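Chemist: If you want the building blocks of each chain, they are given just below.
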Amino acid sequence: MAQAFFGGVHPNDMKAATNEKAIEQLAPPAEVVIPMSMHFGAPCTPLVKAGDHVKVGQKIGEFRGLGAPIHASVSGTVKVVEPRPYTMGGNMMSVVIENDFQNELSEEVQAPADPDALSVDEMVEMVKNAGIVGMGGATFPTHVKITSGIGKVDTVIINGAECEPYITGDHRTMLERPEEIIGGCRYLAKMFGVDKVIIGVEDNKQNGIDAMNQVIAAQKAPVVVEPLHCRYPQGGEKQLCQAITGKQVPPGGLPANIGCAVFNINTTCAIYRAITQGMPVVNKVVTVSGSGVVEPKNLECPIGTPFSCLFDACGGLNDKTYKLVAGGPMMGMAQYTADVSVGKGTGAILAFCENEEQTVEHPQCIRCGKCVAACPMHLEPLFMYQYASKNMLDELNDAHIMDCMECGACAYACPARVHLTHMFKYGKQKLKDKMAADKAAAEAKKAAEEKKEAANK
Amino acid sequence: MTDYKNLKLIATSSPHIRGSETTRSIMLDVIIAMLPALIWAVVMFGFKALTLTVVSVVGCMFWEWLYRTLMKKPQSVADLSAVVTGMLLAFVSPVTTPYWTILIGDFFAIVVVKQLFGGIGKNFVNPALAGRAFLVGSYASIMTTWIAPGEKAPLFGSTADIVTAATPMAYLKTGDMETLMSTYSVADMFMGKIGGSLGEVSVLMLLIGGAYLLFRKVINWHTPVAYIATVAVLSFLFPKAGSGLDWMLYSVFGGGLMLGAFFMATDYATSPVTKKGQLIFGIGCGLFTVLIRYFGSYNEGVCYSIMVMNLCVALIDKYTKPTRFGVVKSDKKEAAAK
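Just so you know, the sequences run in chain order A and B. The first sequence begins at 1 in the working numbering and counts up by one. The second sequence begins at 1 in the working numbering and counts up by one.
Only chain A is shown next, with the shape it has when bound in the complex (with noise of 0.2 angstroms):
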């Protein structure tokens, strides 16, 4: 068992309700609304317009710098290119397109003659045009995690913890397409020109363990699963790092600073099925769950469904359901409508009709210190939340709160239910802005000073 992390919580895990459910298809939906932006960095550029036919894979949205492409999920037409409300909050220009269920492939999507003969830059370039992203819900861009890292990456780990609760997508994937996953690994161990590929599970999913062991023992596979203890936040990034290697990542670093890349298992499914069939991200799988929905299930779908959808899919929710959120209920977003649609970082969709929230009318800190114990960053977030909630935005910066990596196992621990969590995005915000603003006065200060030189002469 690798060593632990840092504090972190135990939460119910609440997966018992779906991981038994084997991934479902679900019946293509009649429609799909696509937002251009379902990766860290610039929205894409919209290829397509209104009354153009597109058939699956074909690229509909180009980036710009930092990005991933986007491609349709279904064949059809599109209706309309406008924005619509997206999973991270506000609207989002998206191209609606209306299925005309014949799920025709797009020319575009080429597999290669012989996938093993591809050399690494053949391969990232497929990564890229692919339009991979980190589907563990960071969703960065996935080749440009690996030509950064090549070189400087000699531990490559792939992200099976899945420590958020209800979340089942991943361990249905290890049971039901091990042989995706390994082969994933194992383009990742050729591209990275590492001799092992490590994959972390948490040990609540040791038939998933099993299976993908069985897998490499067939294949004689270059891939590690290493058992990890079922802890909140197993799965972030650097605390993945830490369990597994002993290593910390510097503070505002990345994982590459140690010489660590890290994947999920669901990208690697995708890496594996873009370089042997050429086949860009259309679809994902989503657990569907929580106290709110009737029927939790886990579905694969194409990208851009809307929540609706999967709804009616797992037999409707219940009328007092008063949240939606898209992602684990530790990170996730609450949504304010179900018109949303499913994102290339989506792995679950939860409805909440009971008491999960539990907040309380006029929350008062006790400094019981349990917040201390819990953050995997070694942070005090008791004193970073009075200080935010002051504007003591020096304080807040000497706190370290950029560290904050917003997993929530703080306000989950807290039993006064102060909103640390909610404070800390906001204080973040402030602070951001607040630097931005000194960078820009010092840079104005410094040209009127350079102004002032130059009349002088």
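No wet-lab data here; the hints were simulated from the structure. Keep in mind that this is a model prediction, so the values were computed, not measured. The beta-carbon is built from N, C-alpha and C at its ideal position, and this holds for glycine as well. Take these hints with a grain of salt, some might be off.
Stated by the list, open to error - What the simulated footprint calls covered on chain B by chain A, stretch by stretch (three residues with Cβ under 8 angstroms from a Cβ of chain A suffice, anywhere in the stretch; the number is not a length):
hint	region
1	6-19
2	119-131
3	321-328
What the hints assert, rightly or not - If you only want the chain B side, here are some residues facing chain A, beta carbon under 8 angstroms, derived:
hint	residue
4	Thr22
5	His222
6	Val273
7	Thr274
Chain A is fixed; fit chain B onto it per the hints.
Modeler: Frame of chain A, contents of chain B only:
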């Protein structure tokens, strides 16, 4: 099918689930943990122990309710922290304390020390200890009248006829180990067949309560262990009289050490938030307890030592900040070298 448009959705920040522990459940655990000692107090001192505790609890709840009502603040009595304060103040008072006296102590603890500084979590010293310190300062003779073991305190009326006796702490003060050991055996001390404050006498019952708190993860072991170990080591090394072992046993079992270590020093609002800080805090409490017992004018030092350390908490918190993630020891040395 569900009409998704009509759902009344709220969009709040993550996390969307919370643990089961609440302020109220923690306070309830503390109350449960104090029950064995309360039962022992009734057995030892009579029903006055129970009525005094109940009066103190009701007093604390009343003062809290009154203050919050007058100040138009949201009510907080339901979090049960006033109940804990009320019980603790009764626990650190002699069973013969008149009801009106304890109500004054309740007022000082709840209104002056707790509410004026912002309510739960904001008090700067432990409210119950501050209440006791206030009463000792104001009504010294009431607060130092100890009935002899086996005597029962009357529910009402004068306590003038009651047989009083010196507590073990008085003998320890003078260093009269011979009289102490002939009056109270170590087993008496452990069981609580001695004179003293209402809830502090039985080491056994307090250990049961402390074990419950540790089991329920309400408290960490760091503060009580550091506290008791410091007192034990210092009194073993520097006995005033008799053998080191005897002196240590009587020092550790006597007075309010167990009550203080498990129920007072672990008060969240007035103890450090990190485990390292809690160790330092416990050691400091132990050191001051021994110093006051040896050199102070009081027989017992637990109350004041914890209050002194309460005032050091901000300082301890400042210097025991956890090392941020990603900064390993060699980095720190390099940074220091620069």
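Chemist: It remains to establish, for every hint, whether it holds in the given structure.
Modeler: Results for each hint:
1. Only when three residues or more bring their CB closer than 8 angstroms to a CB of chain A does the claim for the region 6-19 of chain B stand; here the count is 13, and the claim holds.
2. With 3 residues having a beta carbon nearer than 8 angstroms to a beta carbon of chain A, the region 119-131 of chain B meets the requirement of three or more and the stated coverage holds.
3. Counting residues of the region 321-328 of chain B whose CB lies closer than 8 angstroms to any CB of chain A gives 8, so the stated coverage by that chain holds, three being the minimum.
4. Contact between Thr22 of chain B and chain A, as hinted, is supported at the beta carbon level, the nearest pair being about 5 angstroms apart and thus within 8 angstroms.
5. Annotation: interface hint on His222 of chain B violated; nearest CB of chain A at approximately 10 angstroms, more than 8 angstroms.
6. Checking Val273 of chain B against chain A: minimum C-beta separation of about 4 angstroms stays under 8 angstroms; hint holds.
7. Contact between Thr274 of chain B and chain A, as hinted, is supported at the beta carbon level, the nearest pair being about 6 angstroms apart and thus within 8 angstroms.
Violated hint: 5 only; the structure is consistent with all others.
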